[in-house]
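Residue numbers (my numbering), protein chains in the order written: chain A, 2 to 367; chain B, 2 to 367; chain C, 2 to 367; chain D, 2 to 367.
There may be inaccurate statements among the hints.
Same chains, same label: a pair holds when it works inside one copy or across any pair of copies.
What the hints assert, rightly or not - Computed list of lysine-lysine pairs in DSS-like fashion (alpha-carbon distance at most 27 Å, straight line):
#1 K271 / K362
#2 K275 / K252
#3 K275 / K323
#4 K44 / K362
#5 K271 / K319
#6 K214 / K275
#7 K271 / K214
#8 K319 / K275
#9 K362 / K252
#10 K196 / K252
#11 K275 / K44
Quick caveat, the hints were computed from the structure, so don't treat them as lab data.
Owing to the predicted nature of the structure, the values given are computational and were not obtained by experimental measurement.
Protein chains: 4
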Amino acid sequence: MSGSTYGNIFKITTWGESHGAGIGVVIDGCPAGLSLCEEDIQKFLDRRKPGSTQFTTQRKEADSVEILSGIFEGRTTGTPISLLVRNTSQRSSDYSEIASYYRPGHADYTFDMKYGFRDYRGGGRSSGRETIGRVAAGAIASKILEELGITVTAYTEAIGPVSINSEHFDLEEARRNSTGMPDADASARAEDYLKECMANLDSAGGIVSCVVKNLPAGIGEPVFDKLDANLGKAIMSIGAVKAFEIGDGTKVSSANGSSNNDSFCMQDGKVAKKTNHAGGILGGISDGSDILLKAYFKPTPSIFQEQETVNRNGEDIKIQIKGRHDPIVVTRAVVVVEAMTAITILDSLLQNMTSRMDGIKSFYTK
Amino acid sequence: MSGSTYGNIFKITTWGESHGAGIGVVIDGCPAGLSLCEEDIQKFLDRRKPGSTQFTTQRKEADSVEILSGIFEGRTTGTPISLLVRNTSQRSSDYSEIASYYRPGHADYTFDMKYGFRDYRGGGRSSGRETIGRVAAGAIASKILEELGITVTAYTEAIGPVSINSEHFDLEEARRNSTGMPDADASARAEDYLKECMANLDSAGGIVSCVVKNLPAGIGEPVFDKLDANLGKAIMSIGAVKAFEIGDGTKVSSANGSSNNDSFCMQDGKVAKKTNHAGGILGGISDGSDILLKAYFKPTPSIFQEQETVNRNGEDIKIQIKGRHDPIVVTRAVVVVEAMTAITILDSLLQNMTSRMDGIKSFYTK
Amino acid sequence: MSGSTYGNIFKITTWGESHGAGIGVVIDGCPAGLSLCEEDIQKFLDRRKPGSTQFTTQRKEADSVEILSGIFEGRTTGTPISLLVRNTSQRSSDYSEIASYYRPGHADYTFDMKYGFRDYRGGGRSSGRETIGRVAAGAIASKILEELGITVTAYTEAIGPVSINSEHFDLEEARRNSTGMPDADASARAEDYLKECMANLDSAGGIVSCVVKNLPAGIGEPVFDKLDANLGKAIMSIGAVKAFEIGDGTKVSSANGSSNNDSFCMQDGKVAKKTNHAGGILGGISDGSDILLKAYFKPTPSIFQEQETVNRNGEDIKIQIKGRHDPIVVTRAVVVVEAMTAITILDSLLQNMTSRMDGIKSFYTK
Amino acid sequence: MSGSTYGNIFKITTWGESHGAGIGVVIDGCPAGLSLCEEDIQKFLDRRKPGSTQFTTQRKEADSVEILSGIFEGRTTGTPISLLVRNTSQRSSDYSEIASYYRPGHADYTFDMKYGFRDYRGGGRSSGRETIGRVAAGAIASKILEELGITVTAYTEAIGPVSINSEHFDLEEARRNSTGMPDADASARAEDYLKECMANLDSAGGIVSCVVKNLPAGIGEPVFDKLDANLGKAIMSIGAVKAFEIGDGTKVSSANGSSNNDSFCMQDGKVAKKTNHAGGILGGISDGSDILLKAYFKPTPSIFQEQETVNRNGEDIKIQIKGRHDPIVVTRAVVVVEAMTAITILDSLLQNMTSRMDGIKSFYTK
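Sequences are here, hints too, so could you generate the full structure?
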């Protein structure tokens, strides 16, 4: 009920604070018989690891994952998979000062109001390190989807004012550079922009896009658990996301029906759509086209400029934040968006298996 | 699991099709002792009723609600409240033709893919009439919030290219006119735009804004059930919504930390914020400022122009939709956004009661 | 959260009070494509209907069910099925006196403590009429199970001191007589016993047994959602049940491993068990044998003898209950046990579909 | 959905196999501000630790708990508490043989049917070691209940044919001896009986009783989440439990209303009951009396006598189980029953806080 669990069938529960003993996740409902090893998970964690580029916090963490349960002889057993990443680089002293005041843009004040006190070291539970559990679970969800032929791919769409040009789209470039942008030219300009921000002791926002390919039509539920509603929650639950779009997103509000409707057509003997303004979802259910979504991230709230705020004694004060902070959230958040999308898509696929009598009958009377 | 239930503590389950016997909702978890009568609910339903202006479907429905359970001597008993609205204006013949093909922008195709067949009359379960249950439940949630001093207010922010001017903001105007815009001037221009759309056999999109006032700080959960994540799901689950924003929304992606951070300050002896870019939520938890959100609606997919599509036999065809259809979703959706917001806020408030030992102790040892 | 919803995938929500407008249930998650009509449900409701024998309350109710949603052209659509039974025989005046005091063995006092007041007419929500919703939903679950070749059958095992003799077992007898006992001889003795109880202004307890046949091995979850744990909850949630047994039940506490273990053996080329002390469940998962369970019901608390109790003013008083009351709960509860068992078994079957990668793959890549 | 999570508000998720890296639990929804250290949990784990008496497996495990998250400066933070117990005594070779066949009374066959294969080492997930997570979580629930003045106490009621005499009741005796019986004389006789069982290469069943004191009236939900239904599930979910009773349990079936009804009476100015046949629950809601429940455990299925069974190749075989096995489940299960009861009671208490408008209003407008 405190909301550290996500998913209905493929159900993940994350735990851990930035400066506690470690961070982890328990995945309950992973189907039995999936080949899985630590390397499958580690390669996702490495994509969000700090310290790899000039634009990420200089905190160095191996973030090595240990599988504690749920795997036997290299395959999932169907029982809970418990994953543990020990925290190793906790310079808590950096944070001792922030115990006494509320950093703008952070959850310090709201945690105090909710719980009466807080683990102030590195943001405690509200730290971006919480996403380690999500990414680890997402690695498993992605592996299952892959076996079904479905791919989930996220990338940086924009950093501050710099957007990618879809004509230059090159996903391998995105996995190589420091921005996660699938466009070498835009990436170079974004790097310049980020350096400028850092020079100004400031930070930048950005956009992450995600595309799901080969999802069959018919996935998602028609009312409250619409596929886009569940994706909306999944993405909005990532810290710093302030807006979510599916398909054409905000643009639909100024469109007309005649331009916004996607015409159906036959293509290679199958039903297809001529356009994809809808982003692959109609009435909350997948239509067989690519699922297209976007997440808008705010700039890192920890900036090194002097800021005004209040302390726990109720006094107006001025503060200057120290420590290790990324100038941008987006670059490391790409894999988090991918993970949350994969988990949500997989969960919807699993839920869908019980939708029809014919499917149930053929499952049980084969 | 099929997702017709929403909420954890204040839990609603909607049912019903456009052309079935009726539409309804069961509310489980409504606290005992709330004064409640049918009129409390009817006045919300009347705000979404068709046939009231030139821009809503000419289908005339009284949409009269009957309370079937959960009330005794004018007060809620704490047991489920079952609400029923009979369908009375089912001109099913209008829809017989659409049984054979897939309307662009509608859920016809996706329902067929999911379930193998569909109740094609008026869109069946995917009809906007499904929201009657949401609005009825939202009326009750709003009444409870009101008793706690919390208000939830939605209005039309934009219709097509016409946006309100916040300097002219007048909520009473919004409740009076046909657009739901709290700005008489913008409303007049929006009416002209809608008439133009109708003349072109076309439809328009728009934006609904919602503000929650007087919500205490500390409400919401810090990880997956962030208050903004839950609001995101609530709003995205409304048919035709393609984007969701909290606070500055999409704009944060091009902002800097220095401009986007809201400084805390003391005001009348209390912690406040100088600005509200965050929209009242930090780290998923309310900060005591107004909660500000926006929902972007696509244009009504039912337009009277000729459209291309396919039929159930897998043939490319051209169709011309008949029947009764609003040229815009937004005007009648305002109260739906308000309802889903109220339900979500109330549910978070109730969940929050168990967050702290001191609160639990004082509750049970008074 | 208030617990009027049961099931994870095949999810039912009941509502209604004894003397309100009606009683009903919403079933969400019923698979699409099941042939279903009101008669399928009515025949189950008729099995719990009052007024049919000398041992049931003389309240006459047609208890006619109306399907409000979820069926189109004779088949389930996959969307919520809403069922309504109007209350027609509310002689509320019979109950007006009990508003002021707490009947022994009833929930009057506990409702007042929980909610601050109560709908005292006929027990309100705590009335046995609440089970109408369960039985209606159970009729649908049973129909689905039947299509998979699985049967669920409950019957009266004992009434007061009179038990059936398993050598006389005759299920058709059980459906014919007034006790629900599948043994004509025991039934006749039980009738005599009940008449004696009535002559003494007293009531009797009893036992309901239920057997599930043809459930495949492998159904149920291994930890908290053990099949027997879920059945235990399902059965204990029926009013007046005070004990639940699976297989040999209480007898296992005085058995030895050597006598209690069921040996596996090959039978017709399949794994079978020589005995079934376990009642068909090992480690929370079905083993392919019959599922055997028992529910122990207390005597009807409403008796016509003078009883001691207290009133709402905190005074010791003596009362004499009037009105219409069955001298035994068991006879009408048989179909309720059957319904709750069927719902639980079906829900477990549906959950089990996502247990294995090979099952998922063959479902999605056929 | 795979059922490794239990509870609605105080929500626990257990993971781990007998011979994997470790066993653990994540508790989400523990209120903030509870003083908590490892010793609070360890003392509960020590009560179920193997190797402490002649009647428990000679496997020696320290079962030392490590708190990985959720505690800061000695108090719970309101975020998930992750607890880890490393497995240290895995003599897997003992178990290699059982990979090929199905032990009677164990979950070997059912796991294979469900998942296609199993972690056969020590029973894998179906091992009694799974309960470590339950006991650790139960320690925390008990501590919270204690702060509210509520106590939960379990003890051995019977071992095989030997039952305690309630006139000799001495709880401290139960915590001291090897049987967990609060009666020195019965305990001595039970020891003799167990030695006899061991000499016969056999095992014994037994009964665990549990009593909850000082629970206020009004706790529990009236329909599916009746307090006794939830307790029934909690207890039936413990491996080897085959029957559950509340209050007089199975005896009610042969009682009459006149003897089974508990009369209310005024006592010290408060409503009380003259007797407690109901076991403290009426209509699913606590009535202020002691909650009384019993769990019936089957004999340990691992016995050293030769047994008949089948192997994975479908051949009838004879087996002789080796390894380390308790001759009785009950003695170590006492603390598990106590833990599951405490968790269930606490969860119901927390849920109840939102039952009434007056409680909510006074919470939020203090």
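Hint numbers contradicted by this structure: 9, 11
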